[in-house]
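J.: Letter by letter, the chains look like this.
2 protein chains.
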Amino acid sequence: MDQALPENIAVIGPGLIGGSLLLGLRQRHPAASIRAWVRRSEAVSELQKIDPAIAASTDLKTVVAGAGLIVLCTPVASMPAIAKQLATMPLEPGCIITDAGSVKSPVVTALEGIFSKTSASFIGSHPMAGSERSGISASRAKLFDGSVCILTPTLFTSDKALAITRKFWSLLGCRILEMQPEEHDRKIARISHLPHLAAIAVTLAALRRDKSAADCAGNGFRDVTRIASGDPELWTGIISQNRAEIISALKDAHDITGDLLAIISSEDDSALLRLLQEARSLRNVAGPV
Amino acid sequence: MDQALPENIAVIGPGLIGGSLLLGLRQRHPAASIRAWVRRSEAVSELQKIDPAIAASTDLKTVVAGAGLIVLCTPVASMPAIAKQLATMPLEPGCIITDAGSVKSPVVTALEGIFSKTSASFIGSHPMAGSERSGISASRAKLFDGSVCILTPTLFTSDKALAITRKFWSLLGCRILEMQPEEHDRKIARISHLPHLAAIAVTLAALRRDKSAADCAGNGFRDVTRIASGDPELWTGIISQNRAEIISALKDAHDITGDLLAIISSEDDSALLRLLQEARSLRNVAGPV
Chain V
36 MDQALPENIA VIGPGLIGGS LLLGLRQRHP AASIRAWVRR SEAVSELQKI DPAIAASTDL
96 KTVVAGAGLI VLCTPVASMP AIAKQLATMP LEPGCIITDA GSVKSPVVTA LEGIFSKTSA
156 SFIGSHPMAG SERSGISASR AKLFDGSVCI LTPTLFTSDK ALAITRKFWS LLGCRILEMQ
216 PEEHDRKIAR ISHLPHLAAI AVTLAALRRD KSAADCAGNG FRDVTRIASG DPELWTGIIS
276 QNRAEIISAL KDAHDITGDL LAIISSEDDS ALLRLLQEAR SLRNVAGPV
Chain L
36 MDQALPENIA VIGPGLIGGS LLLGLRQRHP AASIRAWVRR SEAVSELQKI DPAIAASTDL
96 KTVVAGAGLI VLCTPVASMP AIAKQLATMP LEPGCIITDA GSVKSPVVTA LEGIFSKTSA
156 SFIGSHPMAG SERSGISASR AKLFDGSVCI LTPTLFTSDK ALAITRKFWS LLGCRILEMQ
216 PEEHDRKIAR ISHLPHLAAI AVTLAALRRD KSAADCAGNG FRDVTRIASG DPELWTGIIS
276 QNRAEIISAL KDAHDITGDL LAIISSEDDS ALLRLLQEAR SLRNVAGPV
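Protein sequences appear in the order of chains V and L. Position 131 of the first sequence, counting from 1, maps to 166 under the working numbering, and the rest follow consecutively. Position 115 of the second sequence, counting from 1, maps to 150 under the working numbering, and the rest follow consecutively.
So that you can see chain V by itself, here it is in the shape it has in the complex:
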């Protein structure tokens, strides 16, 4: 189904992701009316400086009035509260609402329920783009270029909502994958949330006893631990929303670390070599570095 992208798009809560959406939209959909809802009034003038054509406001009702597409970019845990507010407002008939959160199953369940009583329809999105930096000042129009965006349509998702959401993320440079919310959360626990926790564990184990080891750091350490500089509040929220899958992934990593310890302690270098070879061939599945 070919669907034109709405001419009126609202971004709710522009930090790194939402800010980059705004910049990308201004470049690639310049005819559209782009609005942004911000929590702090100072952020209105920050956005004005970045691009005066973005209509920023702290008044949610004004921002979403007439919008054919609303993209929620707030932390995952605050999405149900924002959605409940939106559901009480006069939304554009047939308005499509999506998000950019790192966890899908609880968000999709909650927001599908909330919007089922309105003429708007919700579909979950998760662009696999980000940075250890946060906030609108870290935004880049090209943040999404070449990254995967996972859409999590359900039995309740309309063809129109799926087509427009696909078009939206494609315009921003994403390759689209589709899967169920539960499959998303299972895979993302392992491919995104686990690496984040590993970066935390490596940073603590590397530097807690002796910070001066940081003087010796090369690119290996910097790359492995880069995301440990991410926003602690944001990540505590993400982890709490995908607890069961993260525990399962982290248990596997803990067991494998235990295996490595046993193998290295017993000087079984051929077993160590086999593990390293297995990891290399699995890592190469994930494509060029």
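Keep in mind the hints are simulated off the structure, nothing from the lab. Fair warning: this is a prediction, and the values are worked out from it, not measured in the lab. Treat the hints with caution; some may be incorrect.
All copies of an identical chain are treated as equivalent in the list; a pair is satisfied when it fits inside any one copy or across any two copies.
Only pairs whose alpha carbons sit at most 25 Å apart, straight line, appear in this in silico DMTMM-like list of lysine to aspartate or glutamate [said to hold, decoys possible]:
| no. | residue 1 | residue 2 |
| --- | --- | --- |
| 1 | Lys286 | Glu313 |
| 2 | Lys286 | Asp303 |
| 3 | Lys195 | Glu127 |
| 4 | Lys246 | Glu313 |
With chain V's structure known, arrange chain L on it following the hints.
T.: Okay, now just chain L, sitting in the frame of chain V:
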């Protein structure tokens, strides 16, 4: 002490590190005679194609004859055997021998002993530069630019050897740190060897059960696991040479992963937040990402 860099430098075993040394020397010390010892005869013509001014040979004696500086770039485990060969050869009087290996204490102990019976003197070096790629084809003249190079002089190191080795790595773009071999191995176990093992553990935990999760990978996964594509033989050798310090670092990481599991399982989000905050401030000690 101001010491001129020797005009005659030999690189033993040019893979990624040695090849990058050769390229860097050709750019920054173009008047010098640069020689390379290669194991395979095909590598002689590979090097000829890269730069015909590099005198490459499979004959170690020819390569090191007259060299004022010899840099060993073979895997750590093979260094004592190469050093024993060198010690039987007619070396330039006062010749300085250094290396580029990732482990220092066993190498320094063995090679200082071997060369103590010659007029050559050994000093350990470890440039904190590398890549998940290996081999001479991955070499870059600028590989060392801006990286740290750790020198590990001992009571037996002459001022001249230290001054020339400092000058050598500085010429290639390194910042120089100096510490004892044991301190190097303790710090590098945590800042380099542990991140490598963590990349292995994350790759296995992320993809062993379901390779298709790799389709969802973003930059976080790619950065954390990039070095898991490194050469398994090379890394098995490194780990076996720094076993005790790596076990100590890996035990800490294993314990921290256990703490994370307990905290996430018990839904203690304020404890999780504190750990994430601690990791962020420690990570930021390691400088810009």
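J.: All the hints need checking, so say for each whether the structure fits it.
T.: For each hint, the structure was consulted:
1. Lys286 to Glu313: Close inside one copy (19 Å) and across copies (22 Å); limit 25 Å.
2. Lys286 to Asp303: Both ways: Lys286 and Asp303 sit 23 Å apart in one copy and 17 Å across, limit 25 Å.
3. Lys195 to Glu127: within (15 Å within a copy, 79 Å between copies)
4. Lys246 to Glu313: Classified as between; 12 Å across copies, 32 Å inside a copy.
The structure meets every hint from the earlier list without exception.
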